[in-house]
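S.K.: We have chain S; now place chains U and X onto it with these hints.
So the chains spell out like this:
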Amino acid sequence: MARQINRTAGGGEIDRGQTIRFTFDGKQYEGFAGDTLASALLANGVRLYGRSFKYHRPRGLVAAGSEEPNALVTMRSGARREPNIPATMIEIYEGLVAESQNRWPSLSLDVMGVNNLLSPIFVAGFYYKTFMWPASLWEPVYERLIRRAAGMGIAPDQPDPDRYERAHAFCDVLVIGGGPVGIQAALKAGEAGERVLLVEQMPWLGGSIEKLTTDADTLAEMGNVTVMTRTTAFGQYDGNCFALVERVADHVSVPPEGQPRQRSWVARAKRVVFATGAHERPLVFRNNDLPGVMLASAARDYVNRFAVRPGRNAVVFTNNDSAYEVTLNLSAAGVDVSLLVDARAAIPEKLAAKVREAGIEILAGAVVTRAKGFGKLRAVDVAGLSSDGKSVVAPKRKVVCDLLAMSGGWSPVVHLMCHKGGRPSYDPARLAFLPGDLLGLNQSAVGGCAGDWTDEVPPRELWKIPQPDGGVGKAFLDFQNDVSTKDVELAHREGYVSVEHLKRYTMLGMATDQGKTANILGLALMAEARGVSIPEVGTTTFRPPYTPTALGAVAAGEVGRNFVPERFSPMQDWHEEHGAVMVEAGLWMRPRYYPKDGEDIHAAYRREAKAVREAVGIVDVTSLGKIDVQGPDATKFLERVYANNFATLKVGRARYGVMLRDDGVVYDDGTTSRIAENHYFMTTTTANAGPVMAFMEKLLQVDWPELRVHLTSVSDQWAGIAVAGPKSRELLAALGTDIDMSNDALPFMGVVDGTLDGAPVRIFRISFSGELAYEIYTTSEYGHALWERAWEAGQTFGVVPYGTEAMAALRIEKGHVAGPELDGLTTMDDLGLGRMASKKKHFVGGVLMHRPALLEADRPKLVGLIPVDRSLNLKSGALIREAPFHPHDRPVGDVASFDELTETPEAAGLLGHITSVSYSPELGHYVGLALVANGAERQGSLMYACHAVKGENIEVEVVSPHFVDPDGERLRG
Amino acid sequence: MIRIDCPFCGPRDHGEFTYAGDATKVRPAHGSTDMEAWLDYVYFRDNPKGVHKELWHHAHGCRQWLVVERDTTTHDVLSVAFAKLSKSGGG
Amino acid sequence: MSRYSIFSLMKNAATSHKRWERAWRDPEPKAEYDVVIVGGGGHGLATAYYLAKLHGVTNVAVLEKGYLGGGNTGRNTTIVRSNYMAPGNTLFYEKSMRLWEGLSQDLNFNVMMSQRGQLNLGHSDTQMTVLKKRGNTMRANGIDADILTREQVRRIAPYFDYSPNARFPIQGALWQDRAGIARHDAVAWGYARGADSHGVDLIQNCEVTGFVKEGDRVIGVETTRGRIRANKVATAVAGHTGHLAEKAGLTLPIETHVLQAFVSEPIKPMVDIVVSCGAMHFYLSQSDKGTLVFGGDLDGYNTYAQRGNLPLIDHVMAAGVSLMPSLSRLRFHRHWGGVMDMTMDGSPIICKSPIPGLFINGGWCYGGFKATPASGWCFAHTIAQDRPHDLNARFTIERFSSGHLIEEKGAGPFPWAQ
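Sequences listed follow chains S, U and X, in order.
Take the first sequence: its letter number 471 is residue 471 in our numbering, and every next letter is one higher.
Take the second sequence: its letter number 89 is residue 89 in our numbering, and every next letter is one higher.
Take the third sequence: its letter number 64 is residue 64 in our numbering, and every next letter is one higher.
Simulated from the structure, these hints should not be mistaken for laboratory data.
Where is the CB? At the ideal position from N, CA and C, for every residue including glycine.
Incorrect hints may have been included.
[Said to hold, decoys possible] Footprint (simulated), chain X over chain S, 3 or more residues, beta carbon under 8 Å:
| # | region |
| --- | --- |
| 1 | 145-152 |
| 2 | 410-424 |
| 3 | 657-670 |
| 4 | 821-835 |
| 5 | 934-945 |
[Stated by the list, open to error] From the structure, some residues in chain X lie toward chain U, with a derived Cβ separation under 10 Å:
| # | residue |
| --- | --- |
| 6 | T15 |
| 7 | E246 |
| 8 | G300 |
| 9 | M344 |
With the rest of the complex left out, here is chain S (with noise of 0.2 Å):
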């Protein structure tokens, strides 16, 4: 067990009290409640925390928080294995179990550092010069080599055990930030009796300044202010919408019982106040990314929060005035402090003199020239900056030192600011960008990320420092993705010099920190290069999540079953007590067949239809959309949304409609009844209730709204059972109901309103199946009760429930057409149904039907296939040609025959396919539909299905899709 050697006497915000053990790399340490595993780490000694992308360079800490982008570890194990989180970020807890990443086989021996020998040569773009010769070996060799190279952790390979949630807020002032500017706003606002909602992505408030205990106590005391921490906003969106994420359960091994592991908020604020602060730039010189060497404002929360010495000799390197309290916060800590070099000429004589008081040497206007040591930070090259900053004078010296505090200058954390689109606008004498014009209506930025701060003596514009000896050696800017200065030289020099280009050939900014500590440097870089102007070069997009987000966490739940809602009718528990096999339909979840010992779904529906055939089935047909039509200009109504005549239907009576879409293309179908004189019960396809309702709404409240009708979506309303079959009659006759079931009464296509035992219902006389059969609904609540009466009542005539398949199998017999054939390309003409479109009557749909493509006499055409050989099965989705197709008509990839090619269909002889295939029981064999070109001519003719990807061709013959009783007597019996 490691011993906290680099653990402060006293201070801190940590509690000494509650030591926790946790594991990093197999290695146990003990750090205290209060500790991040980058703060516990650094107190056991820890200084290598990762390897870098590109060059596998050793890496230590940067930062102290969200934009770390060096200190990547895998958290946990197994299904709960989390790549890519850092250091900083992670809260220890009592067994915690971490990795480094990217490296093999260890941490401090990672072979891949070979890379950095190879540095040379993998510049900037480099794959995109090379990989290309011989061009066979690119996917298995060198592909392979560049995937496996790259990539940080490992992803999980399981399910995720831990649940997720989402959770809306509406408050009065978002505040964003829960440093002590924000927390002055939340006060302020909570005084003033507004709603307020905190959020902060750490664990506690008052940012870098520790002793705000009062006001955050105050803050929690009132009732209409709500405090989040852990919480990060990551995302803006429009209308003053953010997405925040609460860690809820990150800091502990495993989430308590009941509760998210992270729970997903969407808040909605009339206004947003930004507190984002700041954040801190390092300084760009030779070996800049060596372990030890890393932002003084970190090194600040390293002793001040955490109470750890990040060093034990240090050298303090700045432009600004913000590093001289860090070197005070350093010494007061017992870190010997050396140097404070400040590459201005000109220093701010007040706090000098106090880093002067504590013995602390100043050299102004010099610079740190590079870094020194193999693995971590034994030394630094110091010396004069000349006046144009382009070169650097004597004197030079070296100076011994375990950590370099540095300190770039400050960028405002405009993030999220941006992430509707906006650019940041940048100020020359602060040397950052501000929020200019980003803040929209109701919103307002303070502190750090308005570049509220004041520099006694202005930053000294240094973007890096000029290199003594000829510029060997790399000077990084971006961390996590490895780009150093002569990346941004290269991508300049070859003409990738918009800001975008130099993101994109570099991968400045494409790493998971999307770029926090270097994007400025980047452009500043490139502006140099260019000779122009910072704002000339401009920025490259903030874009969503701030930090990286979990999927799981936005998905919050609705995963799995989950996914989208499923709809039951109300017989489902019927269905799953006779071991119904249920299948979707347009979120319903409908039985698609009820196998009987151990049948198969072939053997299920054969029977099921064949009893329909025989006796009587029923069948639940609850989903199907239904529409209450009303009003007194309902007839005229359902005549302009429907291609048939509906003026004639009579009361009592129901009609099968065609409604088409305003380009002539057939839409949706449908049984519609008429109820009462103004009064239309319809019908329409399970899939598209919802699409028909919506389109009906918009005709009459945008298009006609001088038409006085209303429509009601009964859907949910009505539970319904269609009982097909030869006894249907009996059937229904034997129920109870007050119902008349002769054929008198209640002849083919009529409607009749009743009651059983007082419970509503309705009985329709119409048939899908081609049998005598019936659509009986009543009310839903009623609905389970109605299915059991029809099936006890059904015991005496050989009832059978049936499913999906065996529904299609019977209007497959029948030649109805359904879902597979209306398809969204098909005409009345094209099904078959041509006649039935009114030529008296005006619809929608009715003029654009008549465009030249839709009116093409070889347009594919309904038909129905059966195989030569009867005992052959058909497949779905097979094309139609006059002749075979054999692989070798066709050679994959073969180039002088795709260049003989025309763009038709023909040019492959495919003349069409098959819609939906069954087997028929009444037939002994398969049946299919196919929409064939010129098919009404080709009825008797002798054609290929062709089931090209597998080689298969048989031969078929074309005839009517009319297979069983074409005259319809059964059902009109």
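M.R.: Positioned in the frame of chain S, the structure of chains U and X alone reads:
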């Protein structure tokens, strides 16, 4: 989240609504057999970069069709009205 | 143009990479060109490249309002496939695939074309019927295609949800072995470098603000860098075709919509295929950098803002985790949007416009990236020969009036539904 202030339901997330495009296109009179007019209505439309008058259906709310003026570059909603009233001149 | 190779890399490494030439020049626009191409994305650059290389038309300028490849070329999810079944689409996309297959060598620029194969999942009988029709149509046209069973899909991609918990159980898939991904930026840069080497002027930061007309005829463009005359003006500005054409007095069957895309943190190889799932509106692949690149459906409203909103984002994440439960703890680190020309039938327009002198290439919906080579190839042919090639003969504006639509889905005349 685009927030649409439904005149019946109040401000709601756009996820409650279904979008149906250009509201300036006027459906040819029922009975019109002018092929060009129908083609224009069904297929061709302005695609403005800026203020766009468009139809939204409050499908998961009051089921009213609304005419919304919205800026296609910023998503700012400028006005919302019932389609039925705006069509008949009532609002 | 100096050739790129491992030898040129090594040679330049010896001189600290200080001797690389510019990948393309940065010329001042001339007053007049034979052809002016508006739009410096993949399509415009490919058009210029093939015009110069195959048709000898080299007095060409490509005008780009921002930086090359800055529109949808640099925003898409990089999928390349040729699995279309509507007459008009099938062979066009296969032409593209064949150009992709030799593109790195042709351009001497590694576009990292990776033919790792694509699964198009089916979750119901109806979907499987459509996939079979699609696969059969492909195969009958000389395009590789196979229909896989659930078990075969499982062997290729064991990480999907095959449990009873799956809301949309996987029934099978259409597999195209030659489908894959390519590096999107490299396509723009490779074509740019190739076009430049043939003498084409690539002019960035040059926005076209209007058309110069003589009578009916377009004879040039007004730009932010002055008037440029041209015998022929060709637009390749998908996402903005509608309002640019409006400036020439042409209303098109196009609406502009946003499609969002997402990228995860970089991880070691996890998914070695491209997968798309129509039922859940989700598609996914893993880039050579290790990031998972994925996306879903349109947000569904007209917009020129290159960003989307939460309902769609929530849906994409839910679809991803539903299809592949192990994605749950993985984190996305960036999402963005690109604006699409959505046509009324989901297919593109590559044609001579009704306005003399003006050629239009647009309406790419969300199929533009994979089409880049064939789009440029056909558009160059159309411009140079003054008539379309057979492969793009159907991509007209008139098809909407005549009814000869090119529909894969039968979604009807609703641009957001394609």
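S.K.: Now, for every hint given, state plainly whether the structure supports it.
M.R.: Tested hints:
1. 145-152: holds (count 6)
2. 410-424: The restraint on the region 410-424 of chain S holds, since 3 of its residues have a Cβ under 8 Å from chain X and three suffice.
3. 657-670: holds (count 6)
4. 821-835: holds (count 3)
5. 934-945: violated (count 0)
6. T15: 47 Å, violated
7. E246: 7 Å, holds
8. G300: With Cβ-Cβ at 5 Å, under 10 Å, it holds.
9. M344: 5 Å, holds
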